[in-house]
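J.: Residue numbers (the working numbering), protein chains in the order written: chain A, 25 to 101; chain B, 102 to 351.
Keep in mind that the hints were calculated from the coordinates and are not lab data. Even glycine gets a Cβ: it sits at the ideal position worked out from N, Cα and C. Hints may be right or wrong, so weigh each one.
[Stated by the list, open to error] In silico DSBU-like cross-links for lysine-lysine, where the CA-CA straight-line distance does not exceed 35 Å:
| no. | chain 1 | residue 1 | chain 2 | residue 2 |
| --- | --- | --- | --- | --- |
| 1 | B | LYS300 | A | LYS75 |
| 2 | A | LYS81 | B | LYS348 |
| 3 | B | LYS191 | B | LYS339 |
| 4 | B | LYS282 | B | LYS300 |
| 5 | A | LYS81 | B | LYS339 |
| 6 | A | LYS75 | B | LYS339 |
| 7 | A | LYS75 | B | LYS191 |
| 8 | B | LYS191 | B | LYS300 |
[Said to hold, decoys possible] If you want the footprint, here are the derived chain B segments under chain A, 3+ residues with CB under 8 Å:
| no. | region |
| --- | --- |
| 9 | 109-119 |
| 10 | 182-192 |
| 11 | 228-236 |
The lines below spell out each chain.
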Amino acid sequence: MASFWHMGGYAIYVWPSYAVFFAVLAADYLAPALRRRRVLRELHARMQRHKAREARKAELHATPDPLADRTPTSPTS
Amino acid sequence: MKWIPHWMHQLSSPPTFYRFAGVMRPWFMVLALLTTAIGLYGGLVTAPADYQQGDAFRIIYIHVPSAEMSLFVYGVMAVAGFIAVIWRIKLAESVAMQSAPIGAAFTLITLVTGSLWGYPTWGTWWTWDARLTSELVLLFLYLGVIGLYHAFEDRRQGARAASFLVMVGIINLPIVHYSVKWWNTLHQGTTVRLFGASKIEGDMLWPLLLMMAAVHLYWAASLCGRVRTDLLSLESGKHWVRELAEKEGR
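Just chain A, with the same shape it has in the complex (with noise of 0.2 Å):
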């Protein structure tokens, strides 16, 4: 085993070679998944935002006018 990790005096340009390799390409695997959640996150906080701001709007409509019993419904009651 301890010769297996030697690799014949040559560990120092085997072994490096190796892990450069493989820390690339798992650094190249998980990127898009790290970024597909963040872009679906920002997505669903942006729509809860909106969904908010909508409800608020309604209800302002849904609300009476506080100043409406003081105009003249009718000008002849």
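Since the structure of chain A is already known, use the hints to place chain B on it.
T.: Frame of chain A; chain B shown alone:
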């Protein structure tokens, strides 16, 4: 375009491709890891040391597959770029642009492992010979494509502009491939041949062939993941993406 089969036409629709790629990606990755495990066992354990280079030759099992991929990915990117420019298919634009970082990754690995292999065997980390220089140019081409793509405000316009650069850069592919034949170089000639006998012993050859299969499988997994994510952000206003964000975005 009546000659395109129905299933291909359907697959090019972003929501269909998104689902398809999501199913395929883990399978490609599992197969890639399996072939890598067997290939590296063969390459690092059972293959004998080289009579001239000793154990340093074992870098071949990542260097050659990566080098092959650096050219292969460019080829795929060029085909997708061609389709993107002519027919303006969104999926083709995405495949072309998402190929660039994968190709750049493989080219970087090729250059670094080549350098680590060159020092003990040639006595130098780097030399400006035809093979090494053209491979470095390939890396700059990939980076140029990525840069040009991101320089545009409109992403689809950027994809088409960068696809033009990809097509101009095709000229570099035969230069990389034949550089060891056309010029006198420090780099050794082709070892593995598609046609005719390879110049390598069977015990050393089969792990190399497995590693070559492994990087192709890995490439498929990586491209699936990148294109999938890209389609999501390209189509973020569409109904299918909003539905997905509702479910998975919390």
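J.: State for each hint whether it applies.
T.: Here's how the hints hold up against the structure:
| no. | hint | in the structure |
| --- | --- | --- |
| 1 | B:LYS300 x A:LYS75 | violated, 66 Å |
| 2 | A:LYS81 x B:LYS348 | holds, 25 Å |
| 3 | B:LYS191 x B:LYS339 | holds, 14 Å |
| 4 | B:LYS282 x B:LYS300 | holds, 15 Å |
| 5 | A:LYS81 x B:LYS339 | holds, 24 Å |
| 6 | A:LYS75 x B:LYS339 | holds, 17 Å |
| 7 | A:LYS75 x B:LYS191 | holds, 30 Å |
| 8 | B:LYS191 x B:LYS300 | violated, 43 Å |
| 9 | 109-119 | violated (count 0) |
| 10 | 182-192 | violated (count 0) |
| 11 | 228-236 | violated (count 0) |
Of the hints listed earlier, those the structure fails to meet are numbers 1, 8, 9, 10, 11, in rising order.
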